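As given, the protein sequences belong to chains A and B, one line each in that order. Start counting the first sequence at 1; every next residue gets the next number (our numbering). Start counting the second sequence at 113; every next residue gets the next number (our numbering).
Keep in mind that the hints were calculated from the coordinates and are not lab data.
Below 20 angstroms or equal to it, Euclidean Cα-Cα: the simulated EDC-like pairs (lysine to aspartate or glutamate) are: (1) A:K104 - B:D152; (2) A:K63 - A:D84; (3) A:K71 - A:E52; (4) A:K57 - A:D84; (5) A:K57 - A:D67; (6) B:K121 - A:D39; (7) A:K3 - B:D152; (8) A:K59 - A:D84; (9) A:K71 - A:E54.
Restraint-style ranges between C-beta atoms, simulated for each label pair: (10) B:L151 - A:T111: 21 to 29 angstroms; (11) A:A10 - B:K121: 26 to 34 angstroms; (12) B:S198 - A:T111: 26 to 34 angstroms; (13) B:S192 - A:T111: 42 to 50 angstroms; (14) A:E56 - B:S198: 36 to 44 angstroms; (15) B:Q153 - A:N27: 12 to 20 angstroms; (16) A:L74 - B:V207: 25 to 33 angstroms; (17) A:E15 - B:L151: 25 to 33 angstroms.
Some, not all, of what chain A presents toward chain B, calculated at C-beta under 10 angstroms: (18) Q38; (19) R51; (20) L92; (21) N101.
Here the structure is a predicted model, which means the values were calculated and not measured. Yeah, the Cβ is synthetic: ideal placement off N, Cα and C, and Gly gets one too.
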Amino acid sequence: SQKIEQNSEALNIQEGKTATLTCNYTNYSPAYLQWYRQDPGRGPVFLLLIRENEKEKRKERLKVTFDTTLKQSLFHITASQPADSATYLCALDGDSGYALNFGKGTSLLVTP
Amino acid sequence: DSGVTQTPKHLITATGQRVTLRCSPRSGDLSVYWYQQSLDQGLQFLIQYYNGEERAKGNILERFSAQQFPDLHSELNLSSLELGDSALYFCASSVDVGANYGYTFGSGTRLTVV
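So that you can see chain A by itself, here it is in the shape it has in the complex:
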């Protein structure tokens, strides 16, 4: 069955640096890959969507890449700020082609 892997270890970086988070998946070829931000006790917030035929997508300080050969997506936050501290979730369309399946997320901490 589909498996989504995100680094379970928290990522600590200094303000102003670029944060890079990884999402690997197996046993499936998704048509869509999405990234969400989740703050403690709150619902996930949609950030970016990238399609299987797109290599890269940008939105302000965010950049997502999608490598269907490696079965991997990278999520970059440039010029990171303490307000970017949160858990970031990767999600893929499921085997049924409908609902998203989520990874467990990677916690990012940006220190001043």
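Fit chain B to the known structure of chain A by using the hints.
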């Protein structure tokens, strides 16, 4: 405010009981999704409805059921509750049936079974 409304925000109930969680999707969205989030499991997809019809099922227990009404709001019914059902339950909505649009999540219902 995301536009997706979930009630109640908190629920404390005893084992063996039954509860109903309610969700109103964002205006214009036809799909409603239910997810369960616990500390060790992450976000687990339960079930999806699109314009009143069930479209996809995930790891939803037989003790759990859901429906979407003509006004598009949805309810998730959890019965014969067990301690392990304690979790955050999220509802999300999207405009389409697939994953080609981002989901809008509600703020969740925190269920505690004692």
